[in-house]
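Asks: According to the UniProt record's numbering, the sequence shown is numbered sequentially starting from 1.
Accuracy of the hints is not assured; some may be wrong.
If you anchor each label on the Cβ, the simulated ranges turn out as follows [as the list claims (entries may be wrong)]: (1) 339 <-> 69: 40 to 46 Å; (2) 158 <-> 197: 27 to 33 Å; (3) 334 <-> 253: 38 to 44 Å; (4) 298 <-> 138: 49 to 55 Å.
Worth flagging that the hints you see were computed from the coordinates, not collected in a lab. All C-beta atoms, glycine included, are put in the ideal place defined by N, C-alpha and C.
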Amino acid sequence: MRKIILSDFDGTLTTCDTLLAFSRFACGRFRMGTGFILFSPILILMKLHLYPNWKAKQRLFRWFFGGMPLDRFNALCADFAAKNSHLLRPKMVRLLAEARQEGTEVIVVSASIDNWVAPFFDDDIHVVGTQIETKDGILTGRFKTNNCYGPEKVRRVELLLGDEPRSGLRITAYGDSRGDREMLAYADGAYIVKKNGDIKAMKGYEKSTPEARRNAWKDNKTYGEIIRFGVVGVTATAIQYGIYLLFLPLLAHFFPSTADNPLATAANTIGYLVSFAFNFVASTRYTFHVKANARRGAGFALSHIINYLLQTCFLNLFILLGLSKQTAMIPMFCVCVPVNFLLVRFFLKR
Numbered sequence: 001m002r003k004i005i006l007s008d009f010d011g012t013l014t015t016c017d018t019l020l021a022f023s024r025f026a027c028g029r030f031r032m033g034t035g036f037i038l039f040s041p042i043l044i045l046m047k048l049h050l051y052p053n054w055k056a057k058q059r060l061f062r063w064f065f066g067g068m069p070l071d072r073f074n075a076l077c078a079d080f081a082a083k084n085s086h087l088l089r090p091k092m093v094r095l096l097a098e099a100r101q102e103g104t105e106v107i108v109v110s111a112s113i114d115n116w117v118a119p120f121f122d123d124d125i126h127v128v129g130t131q132i133e134t135k136d137g138i139l140t141g142r143f144k145t146n147n148c149y150g151p152e153k154v155r156r157v158e159l160l161l162g163d164e165p166r167s168g169l170r171i172t173a174y175g176d177s178r179g180d181r182e183m184l185a186y187a188d189g190a191y192i193v194k195k196n197g198d199i200k201a202m203k204g205y206e207k208s209t210p211e212a213r214r215n216a217w218k219d220n221k222t223y224g225e226i227i228r229f230g231v232v233g234v235t236a237t238a239i240q241y242g243i244y245l246l247f248l249p250l251l252a253h254f255f256p257s258t259a260d261n262p263l264a265t266a267a268n269t270i271g272y273l274v275s276f277a278f279n280f281v282a283s284t285r286y287t288f289h290v291k292a293n294a295r296r297g298a299g300f301a302l303s304h305i306i307n308y309l310l311q312t313c314f315l316n317l318f319i320l321l322g323l324s325k326q327t328a329m330i331p332m333f334c335v336c337v338p339v340n341f342l343l344v345r346f347f348l349k350r
């Protein structure tokens, strides 16, 4: 049986994102910093999944390297690899070297430009990366191939392997991020390389069945959703709480004879409505990666109506128990935020 290792490059074989490192090496700190500041709105939108990954990367690449002669670019790539071998993870380098000694083929599959990835390795390691377009020996700043990310990694590997039956291959894959998900699911065995360099087998892959692989990704995807929900939840909670604290004195000024509970409920309602709008966009686009539609919008609204009623009940309960209007929100959030995660996930993912 033909044994193959597929390995991501940035973050898996290296300790950092080499686009940043190469841009700094080739263009200098000032130009690199200027470029990332200019494109920071696009990069933020990309992280929120509101702007295509490949398009953001291509725009950055064009700004840094568009118009550069290919010979000069390749010379920079070779020089970069020669002077930055310390970026490679020693544990992964040893692992690949031992695998090659045992006759296992190694293919590095990267979203980075293959011109600067390939010089890090000997010729017997095949590099599949994003390829750049040139015209008359000059970089146009555009990509010749699709960005080698996500499903494109599997497509490019299958193109390289040709018509060889999948049953005759034993593929092991290593990755570290969402962009490696499809490649890891494609493999018979999959490993995650953590930021500290530790290598962890993905849960469920020991059975090496399609069902086990789906379950492994389901588990890891759920953890990712929880983390992303935490980011969105903290932001939405800060928005709601900030507006709540802002409107409490305003409402008290205009309605001085109103009791604490109605004032708190009114201020929380205003904050909740603003937070709701932000939460819907962030939850569909970032947390759960689903497209907004009428059905999901209705489910999201229903989950937040339920959550709002829970918030109102607990807010008034904690005020009645003696907490101030300002502090009663804190235990209320502790109860309602986890409930809201389960409700939102149910309605958006069903």
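Asks: For each hint, tell me whether it holds in the structure or not.
Replies: Consistency of the hints with the structure:
| no. | hint | result |
| --- | --- | --- |
| 1 | 339 <-> 69: 40 to 46 Å | 60 Å, violated |
| 2 | 158 <-> 197: 27 to 33 Å | 30 Å, holds |
| 3 | 334 <-> 253: 38 to 44 Å | 30 Å, violated |
| 4 | 298 <-> 138: 49 to 55 Å | 53 Å, holds |
In summary, the numbered hints that this structure violates are 1, 3.
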